[in-house]
Amino acid sequence: AMAGRGRLRSIGCERGVLNRADGSVRYSQGNSCVLVCVNGPMRVSRKDENIHNATVQVFVKPITGNEDIEHMLMSTMVEDCLSSVILVKMHPLTRIQIVIQLLDVDGSILSCAINGAMMGLIDAGIQCNKLLAAVTVTQLDSEMIVDPSKDDEKRASVVVNLAFNANDQQIILSNTNGLLSKSDYHNIINTAQKAALKVEKFMRKFFESTMR
Amino acid sequence: KKMAEAPPVSVNEKKFIENALRKGIRVDGRKALTMRKLQIQFGRKAGTVEVSLGKTRVFSACSADVVKPYPDRPSEGFLRLFVDFSPMASPYFEHNRPSGRSVQLSRMVQRGIRESNAVDTESLCILSGSRVWEIRCDVRVLDDDGNLGDCANIAAVCSLLHFRRPDVTVVGDRVTLHSVDQRQPVQLAMHHIPIIISFGIIAEDESLVMIDPNRKETTVSTAELSFTVNKHKEICGIHKIGGTPLNPNKILKYANVAIENATAITEKIEKLLAEEEKSQQKRSRRGESVYTNPIEAFIDNPEMEEEKGETKKKMEEEED
Chain A
1 AMAGRGRLRS IGCERGVLNR ADGSVRYSQG NSCVLVCVNG PMRVSRKDEN
51 IHNATVQVFV KPITGNEDIE HMLMSTMVED CLSSVILVKM HPLTRIQIVI
101 QLLDVDGSIL SCAINGAMMG LIDAGIQCNK LLAAVTVTQL DSEMIVDPSK
151 DDEKRASVVV NLAFNANDQQ IILSNTNGLL SKSDYHNIIN TAQKAALKVE
201 KFMRKFFEST MR
Chain B
213 KKMAEAPPVS VNEKKFIENA LRKGIRVDGR KALTMRKLQI QFGRKAGTVE
263 VSLGKTRVFS ACSADVVKPY PDRPSEGFLR LFVDFSPMAS PYFEHNRPSG
313 RSVQLSRMVQ RGIRESNAVD TESLCILSGS RVWEIRCDVR VLDDDGNLGD
363 CANIAAVCSL LHFRRPDVTV VGDRVTLHSV DQRQPVQLAM HHIPIIISFG
413 IIAEDESLVM IDPNRKETTV STAELSFTVN KHKEICGIHK IGGTPLNPNK
463 ILKYANVAIE NATAITEKIE KLLAEEEKSQ QKRSRRGESV YTNPIEAFID
513 NPEMEEEKGE TKKKMEEEED
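These protein sequence lines map, in sequence, to chains A and B.
Those letters in the first sequence? Residues 1 to 212, by the numbering used here.
Those letters in the second sequence? Residues 213 to 532, by the numbering used here.
Okay, chain A solo, but in the shape it has when bound (with noise of 0.2 Å):
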């Protein structure tokens, strides 16, 4: 049996990648790794517009082969994640696009993706009312693995992608694969919360060590 590991895995970051987006970010957990180009408040079609909010797009495109359904839920669930967090109401009749290029897949892609997009949204400058921080947690028999490999992922019983506001620590998304048992359920948030204050904190020093 694999030891429980209760570390994340390391994060790196490389911002400005891209040369025409608004904001581009290389973030990678471990040897996960994704590529995110947020660009706008942009043009809008009419069938998309809101005279509201700003529509918010994502796009997360697969290493190889075309877009599978998993791909597709992946970009749903970070676009609802994200219009929760991004200032919509300042910007109606535009959008927001933001491209999520899958780069190495080693487990944990959703919440590296969030995280990603994240990043590239402050590196974009668009507005947000909160800052939004993602873990994966996987469970196998009574041990957790934060951050899990693809390896720990396929072995494990249960998987589970949280993303909390990092300001108050309340969840805004929630994402179980697998039986688990409501205590089990709720030591898995704790220990998720405390390592999402650590993406949180790796954040701000990135951001505050690279301002221009």
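Any given hint could turn out to be false.
Only some residues are given here: those of chain B computed to face chain A with a beta carbon under 8 Å [to be verified]:
1) T260
2) F271
3) P303
Listed next, the in silico DSBU-like pairs over lysine-lysine satisfying Cα-Cα at most 35 Å (straight line) [as the list claims (entries may be wrong)]:
4) B:K267 <-> A:K130
5) A:K154 <-> B:K490
6) B:K494 <-> A:K198
7) A:K205 <-> B:K494
8) A:K47 <-> B:K267
9) B:K280 <-> A:K154
10) B:K249 <-> A:K205
11) A:K89 <-> A:K194
12) A:K154 <-> B:K494
13) A:K47 <-> B:K428
14) A:K205 <-> B:K267
15) A:K150 <-> B:K280
16) B:K267 <-> A:K201
17) B:K483 <-> A:K150
Computed spacing ranges between beta-carbons, pair by pair [unchecked claim]:
18) A:D48 <-> B:A232: 33 to 43 Å
19) B:P286 <-> A:N66: 24 to 34 Å
20) B:P286 <-> A:K201: 56 to 66 Å
These are calculated hints, taken from the structure and not from any lab test.
Just so it is clear, CB atoms sit at the ideal spot from N, CA and C, and this is done for glycine as well.
Starting from the known structure of chain A, arrange chain B on it as the hints suggest.
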């Protein structure tokens, strides 16, 4: 050029680019026939690579699958190449809706590699008439600063050269695919390395030719010329579609320039691949994982593999 596909360039900028080119220099300081800096970065997974030509950036990845061959070509495998113009690269690219120009570029890259038989498709045969490899290469454009064709092609070619497919054993009708933990995966057999070199031409004065045009230079050119060539001085394709007419002698002259540059690029690619090979060996000696399985289904479980071997045999028997 359609407004919808290219950002407008002001008259001042256009005149400035032309005047500079008349003096033999480009706005970014290059000479008329100097290419931008080429950078190639291989990823952890075999077949993944990021290539940048100046500010233009492209990502490419390969995958492999086992399929049935066409009945009239029972010993040939498949090479599928897709170039995706992500909305990340330019606000003029729409998600999953390639423009006419995008389709042209992607066909140019596809045809340069497939029709020139760069990859030996017969070496992709596993069991004639029933099982062959289908290699899929996905090129994703990340940042558009002109000359996407060249960049996408280099990325595709590097990706195919870097890629490793699982090793296969065939005993009679029984096929066993080995996971990367069991047996070292295998390189693809490539006959040659086709490289695309593109030129932008401002044809008011035909001597205004620039190699590897960036986005603004492309908008300002009145004709575009691309060559798919290799270091053996073979021409795999010439593309000049519309635009102002060109003298055929000029076209052949630039074919030679293209071949020179293609040779230099090929040498650089081969050198970087050799370096990457060395650092991979170092990593494997240190016990770090070097490859990840290109096929997700064939990992870990040896029991699953035997089962798969048996299911394959059953499928073959049923087909008979």
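Each hint tested on the structure:
1. Interface restraint check: T260 (chain B) against chain A, minimum CB-CB distance 7 Å, threshold 8 Å, status holds.
2. A hinted interface residue such as F271 (chain B) counts as satisfied when its beta carbon comes closer than 8 Å to some beta carbon of chain A; here the least separation is about 7 Å, so the hint holds.
3. Hint status for P303 (chain B): holds, given a least beta-carbon distance of 6 Å to chain A, under 8 Å.
4. Only pairs whose Cα atoms come within 35 Å are accepted, and K267 (chain B) paired with K130 (chain A) is accepted, the gap being roughly 33 Å.
5. Annotation: proposed proximity of K154 (chain A) to K490 (chain B) holds, straight-line Cα distance about 31 Å (limit 35 Å).
6. Proposed proximity of K494 (chain B) and K198 (chain A) is supported: the alpha carbons are some 33 Å apart, at most 35 Å.
7. For a cut-off of 35 Å, the pair hint linking K205 (chain A) to K494 (chain B) stands: about 34 Å separates their Cα positions.
8. Between K47 (chain A) and K267 (chain B) the CA atoms are separated by roughly 33 Å; this keeps the pair inside 35 Å, and the hint holds.
9. Proximity of K280 (chain B) to K154 (chain A) is assessed by CA-CA distance (about 30 Å); at most 35 Å being required, the pair is judged to hold.
10. Pair hint K249 (chain B) plus K205 (chain A) holds up; C-alpha atoms about 32 Å apart against a cutoff of 35 Å.
11. Distance restraint check for K89 (chain A) and K194 (chain A): the Cα-Cα separation of roughly 31 Å lies within the 35 Å cut-off, and the hinted pair is therefore satisfied.
12. Of the pairs offered as hints, the one joining K154 (chain A) and K494 (chain B) holds, with about 28 Å between alpha carbons and a cut-off of 35 Å not exceeded.
13. With a CA separation close to 31 Å, the supplied pair K47 (chain A) and K428 (chain B) stays within the 35 Å bound.
14. Distance hint between K205 (chain A) and K267 (chain B) is fulfilled; the C-alpha atoms sit about 28 Å from each other, no more than 35 Å.
15. A hinted pair counts as satisfied when its Cα atoms are at most 35 Å apart, and K150 (chain A) with K280 (chain B) qualifies at roughly 30 Å.
16. Only pairs whose Cα atoms come within 35 Å are accepted, and K267 (chain B) paired with K201 (chain A) is accepted, the gap being roughly 32 Å.
17. Taken as a hint, the K483 (chain B) and K150 (chain A) pair is honoured in the structure, with Cα atoms around 32 Å apart against an allowance of 35 Å.
18. Evaluation of the 33 to 43 Å hint for D48 (chain A) and A232 (chain B) yields a pass: the beta carbon distance comes to about 41 Å.
19. Take P286 (chain B) and N66 (chain A): their Cβ atoms lie about 27 Å apart, and the range 24 to 34 Å holds.
20. In this structure the hint that P286 (chain B) and K201 (chain A) lie 56 to 66 Å apart at CB holds, the actual value being about 60 Å.
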